[in-house]
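From first to last, the protein sequence lines are chains A and E. The first sequence begins at 53 in this note's numbering and counts up by one. The second sequence begins at 134 in this note's numbering and counts up by one.
The reader is advised that the hints may include incorrect statements.
Straight-line Cα separation of at most 20 Å, EDC-like style, residue types lysine to aspartate or glutamate; simulated pairs [stated by the list, open to error]:
1) E:LYS211 x A:ASP95
2) E:LYS211 x A:GLU124
3) E:LYS211 x E:GLU248
4) E:LYS211 x A:GLU120
So the derived label-pair ranges between C-beta atoms look like this [unchecked claim]:
5) A:ILE57 x E:HIS206: 48 to 54 Å
6) E:PRO212 x A:LEU155: 19 to 25 Å
7) E:ASP143 x A:ILE57: 41 to 47 Å
8) E:VAL253 x A:ILE163: 32 to 38 Å
Worth flagging that the hints you see were computed from the coordinates, not collected in a lab. On a predicted model such as this, the values are computed, not experimentally measured, just so you know. Built from N, CA and C at the ideal position, the CB exists for glycine as well.
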Amino acid sequence: MSVFIGLVRRDLALALLRPGTLALPVVFFVLVAALFPFAVGPDARLLARIAPGVLWVAALLAALLPVETLVEPDRADGTLDQLVVRGLALELVAAARLIAHWLGFALPLLIALPVAAILLQVPMAVLPRLALGLLLGTPALAALALVAASLTAGLRGGGALAGLIVLPLALPVLIFGVGIAAPGALRLLAASSLVAVAIAPFAAGAALRGATR
Amino acid sequence: MTAQHLRVDDLACERGGRRVFEHVGFTLAPGGALQVEGANGAGKSSLLRLLAGLLDPAGGTIDNPFAVAWVGHEVTLKPGMTLLAELHHWARIDRRSAADVDAALARFDLSALRELPCSVLSSGQRRRAALARASLSGAALWLLDEPSVGLDAASRARLATTLADHRGGGGLVVAVTHEPLGLDAPQRLRLGE
Numbered sequence: 053m054s055v056f057i058g059l060v061r062r063d064l065a066l067a068l069l070r071p072g073t074l075a076l077p078v079v080f081f082v083l084v085a086a087l088f089p090f091a092v093g094p095d096a097r098l099l100a101r102i103a104p105g106v107l108w109v110a111a112l113l114a115a116l117l118p119v120e121t122l123v124e125p126d127r128a129d130g131t132l133d134q135l136v137v138r139g140l141a142l143e144l145v146a147a148a149r150l151i152a153h154w155l156g157f158a159l160p161l162l163i164a165l166p167v168a169a170i171l172l173q174v175p176m177a178v179l180p181r182l183a184l185g186l187l188l189g190t191p192a193l194a195a196l197a198l199v200a201a202s203l204t205a206g207l208r209g210g211g212a213l214a215g216l217i218v219l220p221l222a223l224p225v226l227i228f229g230v231g232i233a234a235p236g237a238l239r240l241l242a243a244s245s246l247v248a249v250a251i252a253p254f255a256a257g258a259a260l261r262g263a264t265r
Numbered sequence: 134m135t136a137q138h139l140r141v142d143d144l145a146c147e148r149g150g151r152r153v154f155e156h157v158g159f160t161l162a163p164g165g166a167l168q169v170e171g172a173n174g175a176g177k178s179s180l181l182r183l184l185a186g187l188l189d190p191a192g193g194t195i196d197n198p199f200a201v202a203w204v205g206h207e208v209t210l211k212p213g214m215t216l217l218a219e220l221h222h223w224a225r226i227d228r229r230s231a232a233d234v235d236a237a238l239a240r241f242d243l244s245a246l247r248e249l250p251c252s253v254l255s256s257g258q259r260r261r262a263a264l265a266r267a268s269l270s271g272a273a274l275w276l277l278d279e280p281s282v283g284l285d286a287a288s289r290a291r292l293a294t295t296l297a298d299h300r301g302g303g304g305l306v307v308a309v310t311h312e313p314l315g316l317d318a319p320q321r322l323r324l325g326e
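Put together the whole structure using the sequences plus the hints.
Listed below in structure tokens is the structure:
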């Protein structure tokens with residue numbers, strides 16, 4: 053367990069070394085939200101109606117940005133080899149990476165959410181529900197990004213391929229996240245997120261084993 | 134109870150559908166050293182990865198009762214981290230103390246560089262850091278892939294001393310190399326013949 057916590061802390065420390073990499077998805081998220089009023093016009097009612105969908109698509113696309121730096125550097129520089137010869141399961145390594153990645157990706161996104169929401173003229177009363185939705189849904193986005201990153205580690209153009217892997221799999225999260233006001237949607241969102249988080253360490257671990265072979 | 138050995142029997146290796154080598158076998162006792170030689174592409178590094186469990190054999194068996202320390206081609210140091218932070222990270226996983234880290238740094242004459250970020254280290258210094266990480270791991274079996282590449286004469290001497298000390302304490306060394314490492318009476322294995 054102490055090794056696991058050590059891995060999470062190490063991943064967070066490495067992420068903080070490159071604050072730009074952490075900021076990039078957040079800036080992207082806000083920028084996409086800022087684009088929509090220009091694209092569809094300043095009609096406040098229309099914007100407020102499409103805002104949840106826009107925010108979720110923006111979050112989904114933002115989740116793809118860190119994919120190329122999530123796992124590949126550790127494969128290329130031998131970190132994974134060093135962990136494997138020490139008898140650590142790659143599933144454990146992947147689970148630690150998932151937690152660290154979620155903290156580094158979702159927390160800044162949640163902090164930026166009010167800004168993006170104001171740009172889209174979202175009524176303040178709706179904001180807590182959107183935040184709750186993102187809080188529940190981002191673990192799934194982080195998990196899918198991790199699996200895609202592990203599957204494409206070492207491949208040229210892996211980032212683009214990762215998008216093709218993540219986007220279809222993220223559909224349930226998108227549907228329940230956008231429709232969070234509907235009865236039961238919150239639970240279904242949480243359920244889809246749980247499934248993704250539960251499966252991801254094993255899928256990523258298996259993929260990484262292939263990548264280090 | 135008899136002393137444990139590293140036993141490799143009738144080992145075969147395939148990479149990308151090509152048979153790299155087969156019928157490789159050896160036994161290494163505690164304190165022993167095996168020097169693996171051979172032309173480029175003969176499978177030296179692959180043999181090392183097989184021994185480390187980083188690769189699955191295409192045939193044959195590996196019986197390795199020892200913990201492994203790995204020094205591959207990559208030095209595995211994160212650019213923004215200090216040398217000390219890097220060694221501490223791996224020492225924590227290996228359950229070694231800060232004193233072990235200090236000793237390993239001194240052994241490879243890295244003590245003065247400990248607070249420097251790894252990105253400013255020279256390639257020889259990085260290689261020494263990778264060797265220091267292996268030497269402080271506490272693992273009995275050291276797998277070294279061309280450990281002396283990029284090292285100056287003084288560092289080679291330190292490596293030779295470290296390897297001798299490790300073997301003196303019952304440790305095992307398997308090294309891929311094109312040049313003498315100063316190993317005392319190593320077993321030799323030539324691949325690709």
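Comparing the hints with the structure gives:
no.	hint	in the structure
1	E:LYS211 x A:ASP95	49 Å, violated
2	E:LYS211 x A:GLU124	13 Å, holds
3	E:LYS211 x E:GLU248	14 Å, holds
4	E:LYS211 x A:GLU120	17 Å, holds
5	A:ILE57 x E:HIS206: 48 to 54 Å	30 Å, violated
6	E:PRO212 x A:LEU155: 19 to 25 Å	22 Å, holds
7	E:ASP143 x A:ILE57: 41 to 47 Å	43 Å, holds
8	E:VAL253 x A:ILE163: 32 to 38 Å	34 Å, holds
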